[in-house]
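All chains should be modelled from the sequences, with the hints used to inform the complete structure.
Counting from 1 along the sequence shown, just add 46 to a position and that's the residue number in my numbering.
Think of the hints as simulated: they come from the structure by calculation, not from any bench. Just so you know, even glycine gets a beta-carbon here, dropped at the ideal spot from N, CA and C. Keep in mind that a hint or two might mislead.
[Stated by the list, open to error] Taking lysine-lysine pairs in the BS3-like style, the calculated list, with each CA pair at most 25 Å apart, reads:
1) Lys-352 with Lys-315
2) Lys-377 with Lys-367
3) Lys-91 with Lys-173
[Claimed, not checked] DEER-style ranges, computed between Cβ atoms:
4) Phe-269 with Asp-67: 50 to 58 Å
5) Val-183 with Asp-364: 13 to 21 Å
6) Pro-281 with Arg-233: 31 to 39 Å
7) Phe-269 with Lys-313: 19 to 27 Å
8) Gly-130 with Val-183: 15 to 23 Å
9) Asp-127 with Pro-281: 51 to 59 Å
10) Ala-180 with Glu-226: 35 to 43 Å
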Amino acid sequence: MTESIALSAYAREIAPTDILDPTDLRPVLLGLYGEVGGIMSAAKKHKRDPASFPGYERAAREEFGDALWYLAALCRRLSIDLEGLFAEASSGDGYRLVSIASDLAGGACASAFLPTSTADLDARLFKLGRSAAALLVSKPERTMLVGLASDYLEALHGTGLSFANVVRFNLAKARGAFLEPNSTQLRDFDADFDSEEQLPRAFAIRVSQRPSGKTYLQWNGVFVGDPLTDNIGDPDGYRFHDVFHLANAAVLHWSPVMRALIKHKRKSKPSYDEAQDGGRAIVVEEGVTAWIFSQAKELDFFDNQKSVSLGLLKSIGDFVKGFEVDTCPLKLWERSILQGYEVFRNIRKAEGGWIVGNREERTVTYKPPEWRPM
47 MTESIALSAY AREIAPTDIL DPTDLRPVLL GLYGEVGGIM SAAKKHKRDP ASFPGYERAA
107 REEFGDALWY LAALCRRLSI DLEGLFAEAS SGDGYRLVSI ASDLAGGACA SAFLPTSTAD
167 LDARLFKLGR SAAALLVSKP ERTMLVGLAS DYLEALHGTG LSFANVVRFN LAKARGAFLE
227 PNSTQLRDFD ADFDSEEQLP RAFAIRVSQR PSGKTYLQWN GVFVGDPLTD NIGDPDGYRF
287 HDVFHLANAA VLHWSPVMRA LIKHKRKSKP SYDEAQDGGR AIVVEEGVTA WIFSQAKELD
347 FFDNQKSVSL GLLKSIGDFV KGFEVDTCPL KLWERSILQG YEVFRNIRKA EGGWIVGNRE
407 ERTVTYKPPE WRPM
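In structure tokens:
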């Protein structure tokens with residue numbers, strides 16, 4: 047069987063991330079077909095010009111993981127055991143037994159069958175594509191899923207990727223994107239620093255707009271930062287974008303921009319001051335904020351939306367790779383975005399107001415201009 051312990055744990059732990067209609071096979075089948083196409087595209091780019099596609103390994107691992115997610119979802123709807131499916135798929139003569147270690151199995155060692163085929167990668171990908179296309183029927187037979195699982199293993203082996211790594215990566219990504227995080231397991235990036243080097247645990251920051259159109263921030267009665275305008279020909283409210291940095295501070299416990307504005311950089315540890323609170327980190331936060339804003343404009347600034355697309359969240363993950371916030375699950379980013387844009391829409395409409403943040407609750411809320419802190 048193929049990493050049977052890991053697949054058993056994967057199937058169990060990935061199930062809560064499946065928010066699709068449990069009675070409808072169509073979105074699952076289409077999703078699986080699309081992810082197989084993604085596998086073929088990533089492999090093609092790498093083979094054609096690997097120097098121009100340095101992210102191939104990560105991209106391919108992600109596509110294989112997403113395809114496995116849909117395959118698990120399909121098995122769930124058809125009452126087929128995922129572990130048993132792969133066991134049957136790898137039970138033929140074209141596999142060899144090896145030993146593998148699986149983190150999902152609590153460090154235990156499991157046996158796996160790996161393909162022995164020497165076919166080139168293109169041939170393996172064509173087989174996988176045909177198997178995925180064959181599933182586009184009203185209700186696929188088990189034998190069809192066994193064939194796809196076998197071709198999946200062949201293609202995966204052809205790329206040189208580790209199945210165990212694909213499983214772990216997909217599980218972490220899916221649970222981080224779709225499940226509410228356990229607050230006790232989230233990192234507090236400045237808990238070990240003195241208060242003058244922490245982002246404030248609670249804050250109320252006033253945003254006001256002058257007749258000139260410029261906006262100003264006041265914290266504890268003191269102006270912080272520079273006055274802002276939209277800096278664009280077609281005014282869109284970007285002059286209020288500091289709300290997004292404040293949302294990051296409250297929800298993610300991360301905002302190099304806010305640290306700079308209130309002069310709370312972690313200078314007692316030069317490595318943090320340079321790598322996490324320095325100019326590059328500030329540029330990254332400003333960049334991801336501007337990019338999200340450009341997407342949000344097309345979505346009416348997330349008005350009446352209860353979620354953020356996984357594609358957008360995954361792109362944010364790529365933006366912040368290498369910085370401490372990279373450890374935050376994507377679901378937490380979604381919370382910061384949705385709460386931040388709710389405050390933004392209110393401030394934009396009223397042309398001012400209060401941004402109230404609470405790091406303990408990981409929330410940011412809006413109060414009208416006439417409101418005053420207790």
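Here is how each hint holds up against the structure:
1. Note on Lys-352 and Lys-315: the hinted pairing is violated, with a Cα-Cα distance of about 39 Å set against a maximum of 25 Å.
2. Annotation: proposed proximity of Lys-377 to Lys-367 holds, straight-line Cα distance about 16 Å (limit 25 Å).
3. Simply put, Lys-91 and Lys-173 have alpha-carbon atoms about 18 Å apart, close enough for the 25 Å limit, and the pair holds.
4. In this structure, Phe-269 and Asp-67 meet the distance hint of 50 to 58 Å, their C-beta atoms being roughly 52 Å apart.
5. One distance hint, 13 to 21 Å for the beta-carbon pair Val-183 and Asp-364, is violated here, with the actual separation near 36 Å.
6. Distance hint check for Pro-281 and Arg-233: the Cβ-Cβ separation is about 38 Å, which falls inside the suggested range of 31 to 39 Å.
7. Phe-269 and Lys-313 have their C-beta atoms about 23 Å apart, which keeps the hinted 19 to 27 Å range intact.
8. Range check, Gly-130 to Val-183: about 22 Å between beta-carbon atoms, so the 15 to 23 Å window is met.
9. Restraint check, Asp-127 to Pro-281: a C-beta distance of roughly 57 Å satisfies the suggested window 51 to 59 Å.
10. The hinted range of 35 to 43 Å is satisfied by Ala-180 and Glu-226, whose Cβ atoms lie roughly 37 Å apart.
Hints 1, 5 from the earlier list are contradicted by this structure; the remaining hints agree with it.
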